[in-house]
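Engineer: Sequence:
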Amino acid sequence: MSNFEFISGGRELLDLVQPLWEKLNKHHEMNSKYFSDKYRNLKFEDRKNKFINDKNLKIKIDLIKEKEKDLCIGYCISSIDKDLIGEIDSLFVEMEYRNCGLGDKLMNRALEWLNINHAKTKIIGVAEGNENVLEFYKRYGFYKRRTILEQIN
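Position 15 (the sequence shown) corresponds to 15 in our numbering; numbering is contiguous.
Among the hints, erroneous ones may be present.
Derived lysine to any residue pairs resembling SDA-like cross-links, with alpha carbons at most 25 Å apart [to be verified]:
(1) Lys23 x Lys120
(2) Lys23 x Lys50
(3) Lys23 x Leu134
(4) Lys82 x Leu57
(5) Lys69 x Lys38
(6) Lys58 x Lys120
(7) Lys38 x Pro19
(8) Lys65 x Leu13
(9) Lys122 x Glu12
(10) Lys50 x Lys122
(11) Lys23 x Ile123
(12) Lys26 x Gly129
(13) Lys43 x Lys67
(14) Lys144 x Ile124
(15) Lys138 x Leu84
(16) Lys65 x Ile52
(17) Lys50 x Arg98
(18) Lys144 x Leu24
(19) Lys26 x Leu84
(20) Lys48 x Ser8
(21) Lys65 x Tyr97
(22) Lys26 x Leu16
(23) Lys82 x Gly10
(24) Lys122 x Asn153
(25) Lys48 x Ile124
(26) Lys120 x Lys26
(27) Lys50 x Lys120
Across the chosen pairs, the derived CB separations fall in these ranges [what the hints assert, rightly or not]:
(28) Arg11 x Leu71: 18 to 26 Å
(29) Pro19 x Asn132: 21 to 29 Å
(30) Arg145 x Lys69: 37 to 45 Å
(31) Glu5 x Gln151: 39 to 47 Å
(32) Gly141 x Asp83: 18 to 26 Å
(33) Ile116 x Arg40: 22 to 30 Å
(34) Glu112 x Arg11: 14 to 22 Å
(35) Ser2 x Gln151: 28 to 36 Å
(36) Ile116 x Arg11: 27 to 35 Å
Read the hints as simulated data drawn from the structure, not as lab findings.
None of these values were measured; they are calculated from a predicted model.
Backbone N, C-alpha and C define an ideal beta-carbon position, used for all residues, glycine too.
All chains should be built: construct the whole structure from the sequences, respecting the hints.
Structural biologist: Structural data, given as structure tokens:
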């Protein structure tokens, strides 16, 4: 872990998230059986504006920087709304850095922040086609509560 630096902050870090978010979005586009077009048309600016414009939303961003390459290789965005519903909005680690415990570090940091800020409920949305992450989230006590279906137009 000494090769990695964790950077924590808020909305001011959103622009640093963009290249990683775009990789995650591309992953969803490639793996979604039914909604690839939605991910293809999803733009970071729209996602960013959700976080910037909602003043009732507390935001925490954790970035992982690979020190040698001076490159961000992972991130997690967490939020808490006015009703104290906490969400792990987005989590991503570059493929070559997976299975090193970095995703665990991001999850633990996010959950600690949600707990400190008294989140009553904690949720994570998992995109269709990305069900392989469910086992990862189970390690933190997250289980399917409901399945939401969306009609394809």
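Engineer: Each hint should be assessed against the structure and marked as holding or not.
Structural biologist: Hint check results:
1. Lys23 x Lys120: 31 Å, violated
2. Lys23 x Lys50: 19 Å, holds
3. Lys23 x Leu134: 19 Å, holds
4. Lys82 x Leu57: 7 Å, holds
5. Lys69 x Lys38: Distance of about 33 Å is beyond 25 Å: violated.
6. Lys58 x Lys120: 14 Å, holds
7. Lys38 x Pro19: 18 Å, holds
8. Lys65 x Leu13: Since the Cα atoms of lysine 65 and leucine 13 sit roughly 13 Å apart, the hinted pair holds (cutoff 25 Å).
9. Lys122 x Glu12: 24 Å, holds
10. Lys50 x Lys122: Status holds; Cα separation ~19 Å.
11. Lys23 x Ile123: 22 Å, holds
12. Lys26 x Gly129: 12 Å, holds
13. Lys43 x Lys67: Violated - the C-alpha atoms of lysine 67 and lysine 43 are around 29 Å apart, more than 25 Å.
14. Lys144 x Ile124: With a Cα-Cα distance of about 9 Å, the restraint between lysine 144 and isoleucine 124 holds, given a limit of 25 Å.
15. Lys138 x Leu84: 22 Å, holds
16. Lys65 x Ile52: Within the cut-off at roughly 23 Å; holds.
17. Lys50 x Arg98: 28 Å, violated
18. Lys144 x Leu24: 21 Å, holds
19. Lys26 x Leu84: The given pair, whose Cα atoms are some 30 Å apart, is violated under the 25 Å limit.
20. Lys48 x Ser8: OK: lysine 48 and serine 8 at ~17 Å, within 25 Å.
21. Lys65 x Tyr97: Holds. Lysine 65 to tyrosine 97 sits at ~11 Å (cutoff 25 Å).
22. Lys26 x Leu16: 17 Å, holds
23. Lys82 x Gly10: 17 Å, holds
24. Lys122 x Asn153: The given pair, whose Cα atoms are some 31 Å apart, is violated under the 25 Å limit.
25. Lys48 x Ile124: Roughly 18 Å between the alpha carbons, so the hint for lysine 48 and isoleucine 124 holds.
26. Lys120 x Lys26: Roughly 32 Å separates the two Cα atoms, so the pair is violated.
27. Lys50 x Lys120: Holds - the C-alpha atoms of lysine 120 and lysine 50 are around 22 Å apart, at most 25 Å.
28. Arg11 x Leu71: 18 to 26 Å: 22 Å, holds
29. Pro19 x Asn132: 21 to 29 Å: Holds, since proline 19 and asparagine 132 (Cβ atoms, about 23 Å apart) stay within the stated range.
30. Arg145 x Lys69: 37 to 45 Å: 39 Å, holds
31. Glu5 x Gln151: 39 to 47 Å: At 44 Å between Cβs, range holds.
32. Gly141 x Asp83: 18 to 26 Å: 20 Å, holds
33. Ile116 x Arg40: 22 to 30 Å: Violated, since isoleucine 116 and arginine 40 (Cβ atoms, about 37 Å apart) do not stay within the stated range.
34. Glu112 x Arg11: 14 to 22 Å: For glutamate 112 and arginine 11 the Cβ distance comes to about 19 Å; the hint holds.
35. Ser2 x Gln151: 28 to 36 Å: With a Cβ separation near 49 Å, serine 2 and glutamine 151 fall outside 28 to 36 Å, so the hint is violated.
36. Ile116 x Arg11: 27 to 35 Å: Cβ of isoleucine 116 to Cβ of arginine 11: about 18 Å, so the range 27 to 35 Å is violated.
When held up to the earlier numbered hints, the structure conflicts with 1, 5, 13, 17, 19, 24, 26, 33, 35 and 36 and fits the remainder.
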